[in-house]
Amino acid sequence: MLIFEKSRPGRGCSTLPACDVEVVRPKERDKRELKLHMPELSEVELSRHYTELAKKSHGVNDGFYPLGSCTMKYNPRINEEIAALPGFKEIHPLQPEHTVQGCLEVLKRSEEALCEITGMDAMTLQPAAGAHGEFTGLLLMKAYHHSRGDQKRTKIIVPDSAHGTNPASAAMAGYSVVSIPSGPDGCVDLKKLREAVGDDIAGLMLTNPNTVGLFDKNILEITDIVHECGGLCYYDGANLNAVMGTVRPGDMGFDVIHLNLHKTFSTPHGGGGPGSGPVGCKACLAEFLPSVRVDGEEVLRLTKAEHGIGEVKSFYGNFLVVVRALTYIMTLGREGITEASQNAVLNANYMMHKLKEQYQMAYDEVCMHEFVMSLSDLKKSTGVSAMDIAKGLLDHEIHPPTMYFPLIVEEALMVEPTETESKETIDEAVGVFRELYELAVKDAERLHNAPVSTPVGRLDEVKAARHPVLRYSFDV
Amino acid sequence: MELRAELKYSKSHEWVKEEGDIVVIGLTDYAQSELGDLVFVNLPEEGDEVNVGDSFADVESVKAVSDVYAPVSGVICEVNEELLDAPEKMNEAPYDAWLVKVKDITEKEELLTAEEYQAFVESEQD
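Heads up: the protein sequence lines correspond to chains A and B, in order.
According to this note's numbering, the first sequence is numbered sequentially starting from -15.
According to this note's numbering, the second sequence is numbered sequentially starting from 25.
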């Protein structure tokens, strides 16, 4: 039942204090023409409503969540504790700088730490999520080329294994996209890349490790090829959780990067987050960074870049998310950050190794923080698809891996266990995967009908996509 | 896989029908079954120029968005707008659900007969 259906006129959960100022009524012309339609519920009804919704959902707090490319690691409670401190929480974005020095220090230290981890020289914390960061990063690249009087670069190279947001962001930034096919090893095909580069290329967007969970060993050559044609290299930070403390995108030759604090740095994820997608860059691009950054030693102040691209979000981005990420970084420290990535890689390899006795791996070699299985053989022999296995996992209270991505792998399931899962959890999940495989062989029909234990059964995704109902219609 | 002997086929899985000076283009039965249930189609506009090998439309299934490539060069003279509201027609009747009609044809890629296309699809599946 929707919250609007539970609403009853006149009910509510807040009692306003007595008015101690003169009552001023809005002018007639300023009044709303349509009803506001705010749900009216008592506090207990509201509380039950959200508890009921929470019970129907699955989060990292409920169980294993190996959603590939999303890095659904556990978010430590200490992050919440620090973000709830009144000095962080009860501030206003327009407060004078001298009254929020601690908050400015958070921004400054976060920028420094994230630059250190990524090998960048400067960073904006303003973008609100990964794709927003991509868009911001592309605008930086555009501003750089234009500042040099170079208007002819209108294309961005994106490999066909890329996250879908890469070509979408490039198009949003006014670029046309040149898609290059991956080699048989899932990595960038150097020959195709060489054919694609030229003086019309603004840059390349790449994630490394790539979307099949492999570290592209030719990365230095790749970034060289792009630089030689005058282009810039953009690093999609979605997969940074594999390499923190071991290798830095800046050292791989990347000029611009976005991070997903809600993936790699343990801030809330999904359900609106909100996310945070800082964008880092090399010194040659810093003058174009948007909005303000923190400067100063003893006394901190906000400064604007000389040729900044403007604002990409209001004020300082999702500040409290940055507080959580900094808490995470400072809790782990230099050694902990490195160890987190190493364990993420170890967990993925352990799980892959266990699963490959039955499941076919798309690329059967040592992986990074995630691996991709292809269920095309299973589908051919039993009719059970990646979708069926994913739905079967729901009945075992495991969130399915990412499905049907990357697009270069048929019947793909992309598994990212993250470092926060124990050996026992992974063993248990492997057991479930095996059980489902056996069920596929013995009784495919049961898997076609899964899930049966969830609040809703299998959803009609086709109908939802063809005829989406996105709005509740009020009886005005 | 349904094939029609009177049609020609491209290796990127479009069917082509020649009606005098006009070429009609759609997605093959094999293409629609591989893509799965189609939920959205993005079509060009009348008057748009297309070139052999260029993507002129895209179709979206629950799984992915895929480009549709032009097997001919020419000018779009008619667009099947019915598909915008009913993309499922491409699944239900792929050889009736044409996407575009093209006129002023200047170039054609080498197209396959039904038999050749069938052999091509079979070789791709191996």
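Among the hints, erroneous ones may be present.
Pairs of lysine to any residue residues, derived as SDA-like cross-links and limited to a Cα-Cα distance of at most 25 Å, are as follows [unchecked claim]:
#1 B:113 <-> A:379
#2 A:364 <-> B:35
#3 A:363 <-> B:149
#4 B:87 <-> A:433
#5 B:87 <-> A:230
#6 A:139 <-> B:89
#7 B:132 <-> A:112
#8 B:35 <-> A:168
#9 B:113 <-> A:450
#10 A:447 <-> B:66
#11 B:87 <-> A:444
#12 A:176 <-> B:93
#13 B:113 <-> A:176
#14 B:35 <-> A:451
#15 A:175 <-> B:87
Quick list of the computed label-pair ranges, beta carbon to beta carbon [claimed, not checked]:
#16 B:60 <-> A:322: 51 to 57 Å
#17 B:88 <-> A:46: 42 to 48 Å
#18 A:235 <-> B:76: 39 to 45 Å
Keep in mind the hints are simulated off the structure, nothing from the lab.
Ideal Cβ placement from N, Cα and C applies to all residues, glycine included.
Each hint, compared with the structure:
A threshold of 25 Å between alpha carbons decides the hint, and for residue 113 of chain B with residue 379 of chain A the separation of about 34 Å lies outside it, so the pair is violated. For the hint pairing residue 364 of chain A with residue 35 of chain B, the CA-to-CA distance comes to about 23 Å; that is within 25 Å, so the pair holds. In summary, the hint linking residue 363 of chain A to residue 149 of chain B is supported, as the alpha carbons are separated by about 14 Å, within the 25 Å threshold. Distance check on the hinted pair: residue 87 of chain B and residue 433 of chain A sit about 19 Å apart at the alpha-carbon level, within 25 Å; holds.
With a C-alpha separation of about 35 Å, the suggested pair residue 87 of chain B and residue 230 of chain A falls outside the 25 Å cut-off, and the hint is violated. Restraint check for residue 139 of chain A and residue 89 of chain B: satisfied, since their Cα atoms lie roughly 20 Å apart, inside the 25 Å limit. Annotation: proposed proximity of residue 132 of chain B to residue 112 of chain A is violated, straight-line Cα distance about 47 Å (limit 25 Å). The straight-line distance between the Cα atoms of residue 35 of chain B and residue 168 of chain A is roughly 21 Å, inside the 25 Å bound, and the hint therefore holds.
Between the alpha carbons of residue 113 of chain B and residue 450 of chain A the distance comes to roughly 12 Å, so the proposed pair stays at or under 25 Å and holds. The straight-line distance between the Cα atoms of residue 447 of chain A and residue 66 of chain B is roughly 18 Å, inside the 25 Å bound, and the hint therefore holds. Taking the CA atoms of residue 87 of chain B and residue 444 of chain A, the gap is near 13 Å; set against the 25 Å cutoff, the hint holds. A threshold of 25 Å between alpha carbons decides the hint, and for residue 176 of chain A with residue 93 of chain B the separation of about 20 Å falls inside it, so the pair holds.
Distance check on the hinted pair: residue 113 of chain B and residue 176 of chain A sit about 37 Å apart at the alpha-carbon level, beyond 25 Å; violated. Simply put, residue 35 of chain B and residue 451 of chain A have alpha-carbon atoms about 32 Å apart, too far for the 25 Å limit, and the pair is violated. Distance restraint check for residue 175 of chain A and residue 87 of chain B: the Cα-Cα separation of roughly 29 Å exceeds the 25 Å cut-off, and the hinted pair is therefore not satisfied. The supplied range of 51 to 57 Å is broken by residue 60 of chain B and residue 322 of chain A, whose beta-carbon atoms lie about 42 Å from each other.
Evaluation of the 42 to 48 Å hint for residue 88 of chain B and residue 46 of chain A yields a failure: the beta carbon distance comes to about 29 Å. For the pair residue 235 of chain A and residue 76 of chain B, the supplied restraint of 39 to 45 Å holds, since their beta-carbon distance comes to about 43 Å.
Going down the numbered hints, you'll see the structure goes against 1, 5, 7, 13, 14, 15, 16, 17, while the others check out.
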